[in-house]
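**Student:** Start from the sequences and build out the full structure, keeping to the hints where you can.
Protein chains: 4
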Amino acid sequence: MPLKLSSRKWMINAKRTWKLMLTNRKSIRVEWGDCDPAGIVYYPRYFAYFDNCTAALFEAAGLPKQEMLKAHGIVGIPIVDTRARFLTPSRFGDDVIIESTIAEWRNSSFDVRHKLFKGDVLAVECFETRVWAVRSETDARKIEGRAVPQEVIARFTHTGKD
Amino acid sequence: MPLKLSSRKWMINAKRTWKLMLTNRKSIRVEWGDCDPAGIVYYPRYFAYFDNCTAALFEAAGLPKQEMLKAHGIVGIPIVDTRARFLTPSRFGDDVIIESTIAEWRNSSFDVRHKLFKGDVLAVECFETRVWAVRSETDARKIEGRAVPQEVIARFTHTGKD
Amino acid sequence: MPLKLSSRKWMINAKRTWKLMLTNRKSIRVEWGDCDPAGIVYYPRYFAYFDNCTAALFEAAGLPKQEMLKAHGIVGIPIVDTRARFLTPSRFGDDVIIESTIAEWRNSSFDVRHKLFKGDVLAVECFETRVWAVRSETDARKIEGRAVPQEVIARFTHTGKD
Amino acid sequence: MPLKLSSRKWMINAKRTWKLMLTNRKSIRVEWGDCDPAGIVYYPRYFAYFDNCTAALFEAAGLPKQEMLKAHGIVGIPIVDTRARFLTPSRFGDDVIIESTIAEWRNSSFDVRHKLFKGDVLAVECFETRVWAVRSETDARKIEGRAVPQEVIARFTHTGKD
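Chains as they are written, first to last, in numbering that gives the first Met the number 0: chain A, 0 to 161; chain B, 0 to 161; chain C, 0 to 161; chain D, 0 to 161.
Note that these hints are calculated values from the structure, not bench results.
Some residues of chain A that are not near chain D, with every Cβ distance over 12 angstroms (derived):
#, residue
1, M20
2, R24
3, A70
4, V74
5, P77
6, R105
7, D110
8, K114
9, L121
10, S135
11, T137
12, R145
List of simulated lysine-lysine pairs, DSSO-like, C-alpha gap at most 27 angstroms:
#, chain 1, residue 1, chain 2, residue 2
13, C, K141, D, K117
14, B, K141, A, K117
15, A, K64, A, K141
16, A, K141, A, K69
17, D, K69, A, K141
18, D, K64, D, K141
19, A, K64, D, K141
20, D, K114, C, K141
21, C, K141, C, K64
22, D, K141, C, K117
23, A, K69, C, K117
24, A, K64, A, K114
25, B, K141, B, K69
26, B, K114, B, K64
27, A, K69, D, K69
28, D, K141, D, K69
29, D, K64, A, K141
30, A, K69, D, K141
31, C, K64, C, K114
32, D, K64, D, K114
33, B, K69, D, K117
Yeah, the Cβ is synthetic: ideal placement off N, Cα and C, and Gly gets one too.
**Tutor:** Following this line, the structure appears as structure tokens:
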């Protein structure tokens with residue numbers, strides 16, 4: 000059973016029907032070590048899945064994380080808020096599909112939405128707010144938001160003509 | 000610098016001032032391996048901290064997880080919903096304090112609230128909904144909610160006299 | 000850049016040139032959360048990679064873990080000894096290839112050897128001894144070794160004719 | 000049951016009986032999320048325990064990791080070789096004790112030995128070789144060994160008078 004690790008497609012954004020938003024699909028094998036004594040995924044592991052999927056979404060947009068950090072002088076895109084609803088458990092050996100898309104861009108932050116499917120069933124939904132972050136020039140231990148470059152945002156959006 | 004691993008105290012519940020709700024405080028050392036290349040805690044690790052703190056809260060109430068599962072025939076108290084806000088990052092070597100309490104009991108589910116402090120600063124807030132869960136009798140791979148026993152709830156609440 | 004998740008091939012076993020031993024190759028993307036503040040893979044994560052690769056090797060032999068446990072009534076194939084040498088570090092964004100093979104079968108235990116490559120460079124070598132393990136009939140908390148079934152061993156070996 | 004997180008003591012080194020080697024003892028609670036579907040510790044987690052214990056050993060010697068990195072300009076003390084033997088499994092809720100000591104100092108590398116006890120029973124033994132590592136001046140992505148400062152070594156050894 001060959002698995003495609005990742006695939007990209009353009010989805011119609013519900014709010015602004017004349018824009019196409021990049022959505023990435025990533026297949027993840029649930030591993031033995033991802034599961035707890037109840038035999039189901041230990042939920043902090045889902046957040047690692049989602050973090051990997053956000054990285055994969057940026058890579059699908061032509062921004063692999065290691066190059067993006069260097070090119071834009073950022074320290075990362077840290078999370079400031081996340082929420083997940085766990086609808087049905089998964090077990091080791093399951094191959095789940097996660098669909099990820101940017102739900103909204105703001106000045107220095109943005110929202111990512113993940114939907115994890117077991118077959119056709121929506122098993123976990125996750126919503127994250129992340130910041131385009133640089134090291135503070137006045138205190139290297141501090142991290143500050145910066146405006147997300149328009150060229151970055153443009154990579155996730157395809158504006159069609161009517 | 001001696002560290003107390005865990006301590007319990009009774010806090011006045013804001014909504015119902017005549018009830019005292021058990022709150023547990025747990026100190027956690029942020030380890031090197033909890034941190035990412037930005038040098039700050041990799042956020043899925045916070046959820047592992049919080050899961051450990053929920054276990055510690057139940058233990059403070061006299062219900063260590065391994066005994067609780069056996070005594071009540073449950074498979075665990077899996078998460079169905081969680082949200083966390085990350086206000087300020089932590090780094091390896093930091094000792095953080097997490098205060099955990101049950102925010103609400105419902106029939107077969109309950110809410111836990113965690114506040115993670117770096118010194119006096121609230122650094123992360125987390126809210127979880129969990130289920131008192133048993134294996135389904137008709138399908139061992141399924142997990143179902145059951146009413147939380149009153150004797151369990153009673154361990155977290157102390158009703159005072161006016 | 001399409002990635003093949005896993006591929007199988009038959010390699011000539013050095014010691015017994017008339018036997019072909021199944022070797023599985025698995026590609027793993029090093030993720031941001033696999034790395035520590037030095038920016039390199041946090042080494043306990045390598046052991047999770049190797050554990051996943053042992054599972055993938057068994058699956059390549061027609062024994063996906065979840066089915067294997069059920070079919071053979073085992074609780075798992077726990078590690079009793081492992082050694083790893085880390086020759087060169089890897090970083091997030093690297094795609095590494097891990098080659099895994101059974102180095103030796105004994106009565107109730109067996110050795111697995113993993114070689115992790117970054118491009119053509121051998122970056123990590125790992126050696127594990129695992130046990131074919133069942134729950135003890137006299138004490139459910141104990142785990143005991145059992146003879147590995149010949150039909151299992153046969154799936155990893157292809158004896159050629161001279 | 001109050002737990003002391005960490006304690007230090009001086010042990011007589013077997014090879015050179017006139018030297019006392021610093022040994023650190025650390026108590027670790029095995030958490031639910033450290034365990035796998037077999038209900039026992041997922042073995043990569045033991046390596047995270049041991050990594051934390053090496054950090055605790057250095058801290059007991061007066062070298063907390065974050066300060067040590069800064070004071071000595073090192074990027075870390077990465078592992079180049081490790082071996083562990085798993086003699087008896089542990090489960091969530093267990094409190095294990097890990098004794099850690101430096102087994103040998105060489106020029107730019109050193110060996111750490113860990114013994115993990117469940118009560119009086121030796122449950123896991125681990126041996127690590129680590130390097131006193133700096134970023135290469137010619138290639139920031141490379142990591143190189145440097146001679147361990149004598150003042151660092153001195154903190155772990157107490158030479159007695161006959």
